[in-house]
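There are 2 protein chains.
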Amino acid sequence: MTKQNHKLWLIPTPIGRCKENHVLPEFTLKIIKSLNCFIVEKPQTAISFLKWIDHPTPEYKMTLRVLNKKTPEQEIFSFINLLKEQDVGLMSEAGAPGVADPGARFVALAHDHGFPVVPLVGPSSILLALMASGLNGQNFSFHGYLPIDENKRSAMLKSLESNSIQSGQTQIFMETPHRNLPLFNTLIKQLRPGTKLCIACNLTQPDELILTKRIESWKNAEIPAIQKKPALFLINSF
Amino acid sequence: MTKQNHKLWLIPTPIGRCKENHVLPEFTLKIIKSLNCFIVEKPQTAISFLKWIDHPTPEYKMTLRVLNKKTPEQEIFSFINLLKEQDVGLMSEAGAPGVADPGARFVALAHDHGFPVVPLVGPSSILLALMASGLNGQNFSFHGYLPIDENKRSAMLKSLESNSIQSGQTQIFMETPHRNLPLFNTLIKQLRPGTKLCIACNLTQPDELILTKRIESWKNAEIPAIQKKPALFLINSF
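Line by line, the protein sequences are chains A and B. Residue 0 is where the first sequence starts when you use numbering that gives the first Met the number 0, and the numbers rise one by one after that. Residue 0 is where the second sequence starts when you use numbering that gives the first Met the number 0, and the numbers rise one by one after that.
Misleading hints may appear alongside valid ones.
Okay, the calculated beta carbon distance ranges per label pair [said to hold, decoys possible]:
{"#": "1", "chain 1": "B", "residue 1": "Lys151", "chain 2": "A", "residue 2": "Ala154", "range": "26 to 34 Å"}
{"#": "2", "chain 1": "B", "residue 1": "Thr62", "chain 2": "A", "residue 2": "Asp53", "range": "33 to 41 Å"}
{"#": "3", "chain 1": "A", "residue 1": "Gly113", "chain 2": "B", "residue 2": "Tyr59", "range": "33 to 41 Å"}
{"#": "4", "chain 1": "B", "residue 1": "Lys68", "chain 2": "A", "residue 2": "Lys68", "range": "39 to 47 Å"}
{"#": "5", "chain 1": "B", "residue 1": "Phe76", "chain 2": "A", "residue 2": "Gln43", "range": "47 to 55 Å"}
Note that these hints are calculated values from the structure, not bench results. Positions of the beta carbon are idealized from the N, C-alpha and C atoms, including for glycine.
Construct the complete structure from the given sequences, taking the supplied hints into account.
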């Protein structure tokens, strides 16, 4: 395979609204500002992000292509042509591209074609939540969204909890924000009293909330203000 | 539980030698410079890091306590007294504290005592490797070090691979750097030809190496220069 020159840069973006930049290193900003071609999950968000960092290239001179979960394989394949011409930046809606988003499909193609892939440092809600949870960070698993069907969800939670009892593994999952409170109630009802549950909500924001308690303590605690806010749930039963 | 005022800041540090700062946001630096009390994995590394960022407090005026895998529970418990007096920063040897290091033990205690825990943005080799691997980032698992015993290691690899075939989950693990090449050879020999293996080595360094290939392609490829260098291994068989 021919070694290729142009790079695919993986660009993390803020995981919430922010005025000032608390989350991106200068080097990450410098690289983004040097690029004029981006593959993005949603153009609107990408454009407002590029404006927020004062990207020097006017919008009409930029190349933006959309990669979301509906983008057909063939179209993703055509993005390789962009890499043949120039360095390309890949961004997701929020956080790290290639993690909990559809971006990995293009990263895999870039590898197949021999293009260097360079990850840049920035925020990832999964990683920040794990750091701050105080739960086992030497063995952990991220599962994305739990099944919506109640019986399947219940079975999945049982299996995650017993896996954690056996192996000590921290189990991380999420929910669409407007269903956070129902999920919280299910967790409180279904998990064992001694299981630890961490809720990490609105990370990097002024109203960031990170709490870890055993289920038995959550039962007596105030209901956390997580409804309609982005949150991660982490459990450990070791 | 009384709500406490002082915060436990979780401070990521560079994951390799570097001259210039490519990995820490200004905000993370600002917070570190405002702290004078740190719980660290190894004082020598911590001190040279604080010098590298031009921390304004002279070393003799700083409070440093050591938390490594040998630190007794009782001593970790005594660190809570530090938090009663002031804000405290927690750092690991490299990367994100609380992830693949012993720091989580103190984070858990801080939660138990009602101290706010605030994770700061910085580099994590696990996350950077996952982003750049092109493997499934919607379902993944980190396992730390594989067992050293050959039979146990072999059994573990089989179980990780078959788990990945069933669930699509990306399996992430590591090795002590001087055993990277033997591990690579075991992977090439033992995994299925169609399984994808990503090697992510010397992340964020000038000689960063990130390659993803199927086992059948690795067999014909140059042996990667990973011996004695920090690396992560990621597999997916979906």
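Here's how the hints hold up against the structure:
no., hint, result
1, B/Lys151 / A/Ala154: 26 to 34 Å, "holds, 30 Å"
2, B/Thr62 / A/Asp53: 33 to 41 Å, "holds, 39 Å"
3, A/Gly113 / B/Tyr59: 33 to 41 Å, "violated, 53 Å"
4, B/Lys68 / A/Lys68: 39 to 47 Å, "holds, 41 Å"
5, B/Phe76 / A/Gln43: 47 to 55 Å, "holds, 50 Å"
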